[in-house]
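For the record, the sequence lines run as chains A and B.
Read left to right, the first sequence gives residues 0 to 169 (numbering that gives the first Met the number 0).
Read left to right, the second sequence gives residues 0 to 169 (numbering that gives the first Met the number 0).
The set of hints was computed from the structure by calculation and includes no laboratory data.
Please note that the accuracy of each hint is not assured.
Same chains, same label: a pair holds when it works inside one copy or across any pair of copies.
Claimed, not checked - Quick list of in silico lysine-lysine cross-link-like pairs, DSBU-like style, CA-CA up to 35 Å: (1) 159 with 31; (2) 50 with 109; (3) 114 with 159; (4) 165 with 151; (5) 58 with 109; (6) 114 with 31.
Now for the letters of each chain:
Number of protein chains: 2
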Amino acid sequence: MNGYIHLYTGNGKGKTTAALGLALRAAGAGKKVFIGQFVKGMHYSELDALKRFSEITVKQYGRKCFIENEPVKEDIEAARKGLSDLAQLIPSDDYDMIIMDEVCIALYYKLFTVKELINVINNRTQNLEIILTGRYAPDELYEIADLVSEMKEIKHYYNKGIQARKGIEY
Amino acid sequence: MNGYIHLYTGNGKGKTTAALGLALRAAGAGKKVFIGQFVKGMHYSELDALKRFSEITVKQYGRKCFIENEPVKEDIEAARKGLSDLAQLIPSDDYDMIIMDEVCIALYYKLFTVKELINVINNRTQNLEIILTGRYAPDELYEIADLVSEMKEIKHYYNKGIQARKGIEY
Chain A
0 MNGYIHLYTG NGKGKTTAAL GLALRAAGAG KKVFIGQFVK GMHYSELDAL KRFSEITVKQ
60 YGRKCFIENE PVKEDIEAAR KGLSDLAQLI PSDDYDMIIM DEVCIALYYK LFTVKELINV
120 INNRTQNLEI ILTGRYAPDE LYEIADLVSE MKEIKHYYNK GIQARKGIEY
Chain B
0 MNGYIHLYTG NGKGKTTAAL GLALRAAGAG KKVFIGQFVK GMHYSELDAL KRFSEITVKQ
60 YGRKCFIENE PVKEDIEAAR KGLSDLAQLI PSDDYDMIIM DEVCIALYYK LFTVKELINV
120 INNRTQNLEI ILTGRYAPDE LYEIADLVSE MKEIKHYYNK GIQARKGIEY
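Only chain A is shown next, with the shape it has when bound in the complex:
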């Protein structure tokens, strides 16, 4: 079975959760999954749920808060550590699926370049499924992806002043 590259982008809710759902489905089928979360170092409820899966490994490559305006040195270091880990994992046969959550945000903040990312992705084994998420995906990722879904925000309760809620947004 060949592996493909998925890209979930756009400004609507559902990108990271779609990747998590894919991880769940893959683990249910006995596949091994690596989830690298870029830009995020906060605690998310899904991390607790994912601990129940020996098939799923999660690593975070971000600080405990989102980037405001400009990335700081720690943001760049964390993201580059992620890219370096993935450069090791992607050519290996250790995983059947690798999720690079919010990798488009890492690109948007220029924590590394799209060329560096594509070089890493290009070293994948034939069977590896790669999932890329995050808004602001650059054209180059649309080109290399085999599947692109854009999540488009039509309505969001944030616009009514609702705050992010534990168990729903994090």
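Dock chain B against the given chain A, drawing on the hints supplied.
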């Protein structure tokens, strides 16, 4: 905390998986989740994965194959059983999140009406989060939803002749 209504629709991949990811996150936060899958009675790998969660209950309200052209009697009966179960569950305090997966497809095939569905949803308790998925969502669901994300297919490997794969699509 108030609960809201989410609608994940559109023709792109990521609707059911986004709902599964939400279920995972909610369970990680200790919430109780009910997933009713309309139109689907096939075996999906996520069902095996979800068995590890005592917080998550899944029921299927469909046959072992998709509807072709016209629904048969069993499709209608299965979907109406689902609506009837939800009419019981939604006003109760048994769950914190109720996912009605592919409910828009049930409406599209007229297995029940949008008015019947909205009547059931309107009996929800204040804290219940309701997640609706499926393409072809009718305008009435856009109106009642607090959050709408449209998954738009930009590219799909099905169009290259790739078949659905275990652990990725099912």
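Status of each hint after checking the structure:
no.: 1; hint: 159 with 31; in the structure: between (40 Å within a copy, 26 Å between copies)
no.: 2; hint: 50 with 109; in the structure: within (31 Å within a copy, 41 Å between copies)
no.: 3; hint: 114 with 159; in the structure: between (39 Å within a copy, 26 Å between copies)
no.: 4; hint: 165 with 151; in the structure: both (23 Å within a copy, 27 Å between copies)
no.: 5; hint: 58 with 109; in the structure: within (20 Å within a copy, 45 Å between copies)
no.: 6; hint: 114 with 31; in the structure: within (27 Å within a copy, 43 Å between copies)
Every hint from the earlier list agrees with this structure, and none is contradicted.
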